[in-house]
Amino acid sequence: MNLYQAQTSPARPSRPSNPSISGSASSSSTITNFPNLPVNKQKPFSQTNKKTLFQHCLKDIAVPRALQEGIQVLRVFANGKTTQMTMKLSDDKFTLFLNHGIPGNNKSTSQSKRWLPFSSKNGSDLDRVIDVGGISEIQRGHSRRNFQLARTKADSIRSLMSNISLENSTVASQQTMDVLDPSLCFSILFRGAWTLDLMMPSSSTSISRDEVLNALDQIVYTYQSARVMVSNDVLLLRYVWREAEKETTGRAASNELQKILRRINYHIPSSKKFSDSYDKFGKMIHLDRKMRKQGLTFEQTASFLHKLKRDSWLAKPTTRYWNRLFGDQMKNGKARTNVSAQTFLTKFLHEFQGEENATLEEVQRLFLHLNALQLPRSGESIDIPADPSSRIDKVRFEAYLNSEENDAFDPLREKYHKDFMRHPISEYWINSSHNTYLTGDQITSASSVDMYSNALYRGCRCLELDIWDGEIVDMQPCPVVWHGHTMTSKILFKDIIRAIKLFLNFHPDTFPLVLSFENHCSIPYQEVMAQQLVRILGSSLYIPSETSLQGSLPSPMDLKGMVVIKGRRPTDLNLDDAEDYEDDVSDDGAPSTVFGSEFGDAEQAANRKKNTTGKISPSLARLTLFHGNKLRSWESSILNPTHYMHSFSENKVRSLARKTDRRTWTVYNETHMSRTYPAGSRVDSSNYLPILPWSLGCQMVSLNFQTNDVALKLNDGRFRENGSCGYVPKPANLLEMHDKVETNDPNKLKVSIRILSGACIPKPNEDKTGEVINPYVKVSMYDIKNGEKAGFQSFDTGVCNNNGFNPIFTSDKFSFRVDNPAVAMLYLAIYDKESTPAKTDALVASASIPVSVLRKGLRSVKLFDNANTRSGAIGFASLLIEVKKTIGVVNDADDFIAQQATRAKKVAIMAEF
1 MNLYQAQTSP ARPSRPSNPS ISGSASSSST ITNFPNLPVN KQKPFSQTNK KTLFQHCLKD
61 IAVPRALQEG IQVLRVFANG KTTQMTMKLS DDKFTLFLNH GIPGNNKSTS QSKRWLPFSS
121 KNGSDLDRVI DVGGISEIQR GHSRRNFQLA RTKADSIRSL MSNISLENST VASQQTMDVL
181 DPSLCFSILF RGAWTLDLMM PSSSTSISRD EVLNALDQIV YTYQSARVMV SNDVLLLRYV
241 WREAEKETTG RAASNELQKI LRRINYHIPS SKKFSDSYDK FGKMIHLDRK MRKQGLTFEQ
301 TASFLHKLKR DSWLAKPTTR YWNRLFGDQM KNGKARTNVS AQTFLTKFLH EFQGEENATL
361 EEVQRLFLHL NALQLPRSGE SIDIPADPSS RIDKVRFEAY LNSEENDAFD PLREKYHKDF
421 MRHPISEYWI NSSHNTYLTG DQITSASSVD MYSNALYRGC RCLELDIWDG EIVDMQPCPV
481 VWHGHTMTSK ILFKDIIRAI KLFLNFHPDT FPLVLSFENH CSIPYQEVMA QQLVRILGSS
541 LYIPSETSLQ GSLPSPMDLK GMVVIKGRRP TDLNLDDAED YEDDVSDDGA PSTVFGSEFG
601 DAEQAANRKK NTTGKISPSL ARLTLFHGNK LRSWESSILN PTHYMHSFSE NKVRSLARKT
661 DRRTWTVYNE THMSRTYPAG SRVDSSNYLP ILPWSLGCQM VSLNFQTNDV ALKLNDGRFR
721 ENGSCGYVPK PANLLEMHDK VETNDPNKLK VSIRILSGAC IPKPNEDKTG EVINPYVKVS
781 MYDIKNGEKA GFQSFDTGVC NNNGFNPIFT SDKFSFRVDN PAVAMLYLAI YDKESTPAKT
841 DALVASASIP VSVLRKGLRS VKLFDNANTR SGAIGFASLL IEVKKTIGVV NDADDFIAQQ
901 ATRAKKVAIM AEF
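First residue of the sequence shown: 1, per UniProt numbering; consecutive thereafter.
Keep in mind the hints are simulated off the structure, nothing from the lab.
Note that the structure is a prediction, hence the values are computed from the model and not measured.
All clues stand as given, with none of them false.
Computed cross-link-like contacts, EDC-like style, restricted to lysine to aspartate or glutamate with a CA-CA straight-line distance of at most 20 Å: (1) Lys778 / Glu882; (2) Lys394 / Asp311; (3) Lys856 / Glu404; (4) Lys768 / Asp127; (5) Lys659 / Glu635; (6) Lys501 / Asp558; (7) Lys490 / Asp450; (8) Lys833 / Glu766; (9) Lys748 / Glu788; (10) Lys862 / Glu404; (11) Lys884 / Glu356; (12) Lys316 / Glu882; (13) Lys490 / Glu471; (14) Lys59 / Glu69; (15) Lys259 / Glu299; (16) Lys59 / Glu211; (17) Lys785 / Asp661; (18) Lys283 / Glu256; (19) Lys750 / Asp819; (20) Lys490 / Asp469; (21) Lys630 / Glu670; (22) Lys778 / Asp796.
Have a look at the derived ranges for each label pair, beta carbon to beta carbon: (23) Gln224 / Thr343: 32 to 38 Å; (24) Glu351 / Ile138: 45 to 51 Å; (25) Met557 / Ser655: 34 to 40 Å; (26) Lys560 / Phe274: 55 to 61 Å; (27) Ser183 / Phe274: 52 to 58 Å.
Note that CB positions come from ideal geometry on N, CA and C, so glycine has one too.
Let's have the full structure, built from the sequences with the hints guiding it.
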């Protein structure tokens, strides 16, 4: 029995554009993200007008038979080792299984040991079950770093690939990959920088690599196109369906449904009550006892979940706001079951949401989309109007409230704006990292090249390298990167540059990658560094001419796809400029803070100074754009060439913010660059709040990307803007200080937040087992107080016990005074309340939103995991909140567009002269 209701789908969405510049794009701050459909041209709903249901959307995709039976592949790991595996596609084509074993043996790939998205890791088990919804890209060839490492291993790969029997070998470790054929290699990329690097055997005759990848490409594309037509709870159900449906019958019996409910955090009071509800629902949809014993299909289970939600509808915020906005009765006295497009536009979008530019035509397109959604039902009447562009019911109103189109983060500001990328690079905040190579603390942790790839995929565009003299191999100096005078491990400088080049190969439209060098090397090693930069990066390396160093700095668009060096470029290369040079080396010293006093032992400080003193190699200096020099006074610094810049520790930032003219520093940052970084005392790699340096116009606010603390998550939220390209235009109030008369009231705001409900909240760390969570939300506002100190204020909602699937919170209003709306950040974090006071409440998910892009009204909030991704079960999680902003809202979307347009005109006028 078909329990979905569906309308003709809108036009298929276009294939996603380059993730390095696009992000989650939406075309305006209102509702114009929907396809440009003709209005009033849809046929009325009928049984013959249905589209393929989501659960079966991949059914008709042609897939090579060998892929569904299982094909042999060679998996390549980050350490260069390899192992032989079998890759198999599930019957419904939603899942890829990767297992040890021979295709066609008795081992069932459907019973893989681990049902986890590939990005989840624990233990040493190498089997994987891959959800196609988590795949972001499939790359052909062997250019990724794992392949490069594998090519350096021992020679036996030739015999392995020519005699690829899996019967006597499961792991081909320590083997060279110099015979890797790029036509046989491919990489599957997942959200959050995780990759799966594979190679098909040259002896394979049953299927080619391109046949496999063409099928997978089509599957991923079709999935992404179809997922917008169903609700997140249906997507979540499909995500957990296979792990519960053990017998692969297409049905889930009563005991399996209970496991599903616990998995998705829906509380079952008792088995008896559940059995009664199950039998009652089965009878309602006309299932006899035998069919009820066999279990429910996927569609029936989706409808069962819908009924469980509907039974609690009277208490839901959706119903309260529906009645408040539109009235609980219609003009004829009957209970209100739907709302017209005109009423929705006037009372909801214009008056309540503040979307004054929304039009009736846009609402009609929205209604076409909402009425086309495949939403589960459980016996209630279908309320699809004859003209699906004219009305929606309460179910579809709720679907809109929880959709990404209604995001609290202004879609216009989240979208990439090409026209805003032509200003000098000093007019942008740049996503930046500190000691990028470290995997953990600043003293004992390992250094890893992979940390650079991870940072790049998280959106970082300024990477740091601490470079020291290494060994001499074959009479060639080998520069290394590590945290000097500590127990951290060393990695080769050239390996990092190769990893960066590989990223650029696959993301050529990336805006400039700034490499911040902390250079401790002697001249011979610097010469080698310069050679390796030129040889490996080639045309991707920006080499500034003397002429280009005059006047304004280049724009991000000018430097697109390029690597820019920050280090030392003294005017006279024959002079020792160490006394004038200032960078992390002058205030960062972890060894002195750990093994000496807070300010460092004098002998250790002198030793560190000795390692950073010396002439700069002319060959390296000529590759450098940004030259770090010491601050003597802001007035003299402003007169320096624009490629001269300063670097300060967080302690120095706070000191300068208190003691110097903050306004002059901000003026300096209009045309010059400033970089900030954590204090050396943060040996645990914790982070400082980036709010204060942002408020001073500092472009490179560097954080420890290996530490997923609140500061890094605020950084993630800031750089969701502008398509997550890593560059965000600074607000106008930080770019016009030289023309502005300073006032005592920088457009202060009052922001009020109500947390109404949640949807599809997973367990902490995406655990599959354990108790149903007891979620609550911590609501925090991070802001600048008195112009010189970053601070925050926090409130907690009440706990919603035993419900993560559709928790309803107490709706308390939390109000904040925001002194600096241009940089203030709203941070929402969901925790699981522990029953034992001694235990720490576990973080489940979070979201951070700049106040300047926070939209008023009833809004949905997308939630993210610790890696700033929406992969796995977290990809379906959201909050519903009410936002109020009063007393002079600044930096709204229209003002933002106007400000950027004005600046663009100024740049154009300047270019003419």
